[in-house]
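Those protein sequence lines, which keep their order, are chains A and B.
Take the first sequence: its letter number 81 is residue 80 in numbering that gives the first Met the number 0, and every next letter is one higher.
Take the second sequence: its letter number 316 is residue 315 in numbering that gives the first Met the number 0, and every next letter is one higher.
Hints in this document: simulated from the structure, not taken from any laboratory.
Treat the hints with care, as some may be off.
Said to hold, decoys possible - Now the in silico label distances, taken between C-beta atoms and shown as ranges:
(1) A/Asn107 - B/Glu160: 52 to 58 angstroms
(2) A/Asn89 - B/Pro167: 34 to 40 angstroms
(3) A/Asn107 - B/Arg73: 23 to 29 angstroms
(4) B/Arg163 - A/Gln37: 32 to 38 angstroms
(5) A/Leu30 - B/Arg163: 58 to 64 angstroms
(6) A/Arg31 - B/Gly224: 51 to 57 angstroms
(7) A/Asn107 - B/Thr317: 56 to 62 angstroms
(8) B/Ile72 - A/Leu30: 22 to 28 angstroms
(9) A/Arg193 - B/Leu270: 50 to 56 angstroms
(10) A/Arg193 - B/Arg36: 30 to 36 angstroms
Beta carbons are placed, not taken as given, at the ideal position from N, Cα and C, and that holds for glycine.
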Amino acid sequence: MYTAVLSGLMEKPRDMSADAPAAEAASDHILREWDLVQQAQALQESALADLYSTYYPRVYNYAFLQLGDIQAAEDLASEVMLKVLESIRNYRFRGTPFSAWVFRIARNKLIDLHRRRKRHGQVDLTEPLAAAQISPEVLAERALDRGQIHIALKYLTDEQRQVVVLKFIEGFDNASIARILRRSEGAVKSLQHRALNSLRRIMSGEGR
Amino acid sequence: MARSFAAILDECVAAISRGESLDACLARYPQHAEELRIHLLLAQRLRLTPRHEPRPGAHAAAWQQFRTRAEDIRLGRRPRFSININIGWMRPLAIATAVVLAILAAGGGTIYASQDALPDSPLYRLKLATEDVRLWFVFDDVREAEILLDQSNERTDEIMEMIRSGKPVPGNVLTALREREARAVRILEDHPDELALLARAREQSAAQEGLLLALWGDLSESARGDYAEAVATLHNAQLRTTGKPGSVTPDDLAAGVINIAGLAEPAAEGLWLFGGVEVRLDTGTMGDVDELEPGQAVQVIAGRGSNGRLLALSATVTEREQPEQRYVVSGTLEDVGEGEVVVAGQRIAITERTLLKLKLLRGQQVEIKVEEEGGEAVASSIEGSTGDRPEEAPALLAYEGVIEEEISTADATDDWVVGGQRFLVTPDTELDARAGALAEGTRARVEAVAKDGELVAKRVVVLADEPEAEPEEEDTIRVEGVFEAADEGSWKVSGVEVEAPGETETPEVGSLVTLEGRREGDALVAGQAVATFAPKREGFVLLRGQIGRIEEDGSWQVGLAPVQVNELTVVVGEPQEGSMVFIWASRDEEDSLQAIYANVLDRRRMVTPDPSPQD
Chain A
0 MYTAVLSGLM
10 EKPRDMSADA
20 PAAEAASDHI
30 LREWDLVQQA
40 QALQESALAD
50 LYSTYYPRVY
60 NYAFLQLGDI
70 QAAEDLASEV
80 MLKVLESIRN
90 YRFRGTPFSA
100 WVFRIARNKL
110 IDLHRRRKRH
120 GQVDLTEPLA
130 AAQISPEVLA
140 ERALDRGQIH
150 IALKYLTDEQ
160 RQVVVLKFIE
170 GFDNASIARI
180 LRRSEGAVKS
190 LQHRALNSLR
200 RIMSGEGR
Chain B
0 MARSFAAILD
10 ECVAAISRGE
20 SLDACLARYP
30 QHAEELRIHL
40 LLAQRLRLTP
50 RHEPRPGAHA
60 AAWQQFRTRA
70 EDIRLGRRPR
80 FSININIGWM
90 RPLAIATAVV
100 LAILAAGGGT
110 IYASQDALPD
120 SPLYRLKLAT
130 EDVRLWFVFD
140 DVREAEILLD
150 QSNERTDEIM
160 EMIRSGKPVP
170 GNVLTALRER
180 EARAVRILED
190 HPDELALLAR
200 AREQSAAQEG
210 LLLALWGDLS
220 ESARGDYAEA
230 VATLHNAQLR
240 TTGKPGSVTP
250 DDLAAGVINI
260 AGLAEPAAEG
270 LWLFGGVEVR
280 LDTGTMGDVD
290 ELEPGQAVQV
300 IAGRGSNGRL
310 LALSATVTER
320 EQPEQRYVVS
330 GTLEDVGEGE
340 VVVAGQRIAI
350 TERTLLKLKL
360 LRGQQVEIKV
370 EEEGGEAVAS
380 SIEGSTGDRP
390 EEAPALLAYE
400 GVIEEEISTA
410 DATDDWVVGG
420 QRFLVTPDTE
430 LDARAGALAE
440 GTRARVEAVA
450 KDGELVAKRV
460 VVLADEPEAE
470 PEEEDTIRVE
480 GVFEAADEGS
490 WKVSGVEVEA
500 PGETETPEVG
510 SLVTLEGRRE
520 GDALVAGQAV
530 ATFAPKREGF
540 VLLRGQIGRI
550 EEDGSWQVGL
560 APVQVNELTV
570 VVGEPQEGSM
580 VFIWASRDEE
590 DSLQAIYANV
600 LDRRRMVTPD
610 PSPQD
């Protein structure tokens, strides 16, 4: 059963190349994407529309999980897509998949946003007002009840959260995550372990 | 060199994603199997996390912006906006522009036309977008908060209009209401000196929460999630504007709400029993939480979480000695005037806060919840007959029997069996357990209407044991309702099949009948007809409330309604000032409200009823 569930991950855009068929599929995907990117670099409308419809929702989801704020996530996704458009002519395939390049931009925009908010003393209020005042134990229980583990992500460190979102929700492999975060693959593995460990403790009521 | 657990975990995550089984991976590392399993299962749950989809309006707006920028780049134009501008500032215009373009592209529609759009209209999104645009030109925080409050209040009016038109409330209006109210509160938190606006935000949030709590049954199925978010936000807005630290989450309301009155009994730290129902009270609970004492009668409105647990949104101590100023009247709308209706000769005011669940027409059957405000009867809500036949006499059923199965309050809707009869209990059902715990074996009175083949409970009232009276047989039932049909020895009374009482004439259809009997197996056998009353021209009026005063001439004051009680009245129970009473009445020749049958809920009998039919 677990296999069936976990293997569903392969349906998401993946950049993995761990075995031959998977590697073949992944390289096919990268080649198709590269072809699309070249058309977008020539500003072909249909290619731009394809890229937009693929990445805007993904970046929005990534941003929402980090920010917990619909409007801020919409803004960030929009900013990222404009940056992608302006910079796409500079993109060259040198081992970094295009998707990782887009998420690298998203990551940078997110860091910018946090800096801006810090500078302006802005409080990050998620849509249920004051939701942050729930204890981790209660939150973990609720998250389990509704299968919404992403709520518990709030209790991870920024880097742990990045790894969880990029790997388990966006389906990136360690090499791509390492490029997005500018960390080594070893560090990504270690962050993955620490993130899962923290989530387990939060959900079992042990707190952080 | 031994591999680190992090490396082993990573290998298994990758292997499973390639199709390997969990057990195969665990078998390779038996010394880590237990810990690995937990981590890998957690990874599985993370992968199942539902994705958040962007709102279509924002998606379309961002696409317009993206295309425009692409065109600029093609033509070698400089960007019109620096990409470092906070797009949030531009969002309202961008969304409005995108929506307007979309509508113009579709070949029709105007912004003006959208201004009266209701949430089920295709133009509604445009209406919201143009409201956003208005805010775009407001540069004063306080003014923005004020406009947001106005816009949120406009959503209240839209919800009321949807309800009045008999349409289900969709999620979009709930979301728009919530977002505007929350944004206003966020702004006002930075302006603590704006006391008047803060007070307005608090009062408006309270009124909106109160409205939504009464609307669970009027939501479209898909709006339940938006409903929970809206109620949670409105509740939290009140907490924050009163400086209280607590909060509730949409999860706390995922399975609706529950409305229960009961005696308070501490259960554990933070947990109380109200009428035997366990409810958690915490810092998010409004009302008399700090003063709560065991034995007090308390009115609780609680959210029901997805796990079935109840968290009190509010807990209010009610004085049992003092009659409530609220009562319920059901009957025919005799007149519909400007700002008032007339039922049973009683003028009842309608204000902008009155929740109208129908378009008012003379001759309609309605149920009105009435409150006294400054000596005037004011309708807090007016509903149409929710029965299967709205134009006929209200098919309200009052049914007394013993709760036969262990009851649950864990689910949004549940079937309770009382006296052999199955009733559907919903979040709209009022539970009054002040006389005893809601538990198997307790006698209860259920007021219900037949709807879609089911008996939907409107109220469940636990009946007090009367120590001096002989205990009633467990299978004794009482039925009060409208006679609908007779068929081979059985009567249908307000949707319930009852074996007809012996030696009693079949009443006229539409008659009020009150029966006593017992449950025999699955059959309900009416031992005797306590009384039957033929319908009068204007039908019957039902009045439910507390007796405020008993006059010397024997008439009662129920709320603001004077009711004649005389030798023609069958009274079950012993009426006292403050007693809860359920009265079937009709207008007499002098237009007074004449009580025909009065059931006082403490179960003591004052007048031995005459079993022979009247009229």
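Inset, instruction - Determine which of the earlier numbered hints do not hold for this structure and return their numbers in increasing order. - result: Hints 1, 2, 4, 6, 9, 10 contradicted; others consistent.
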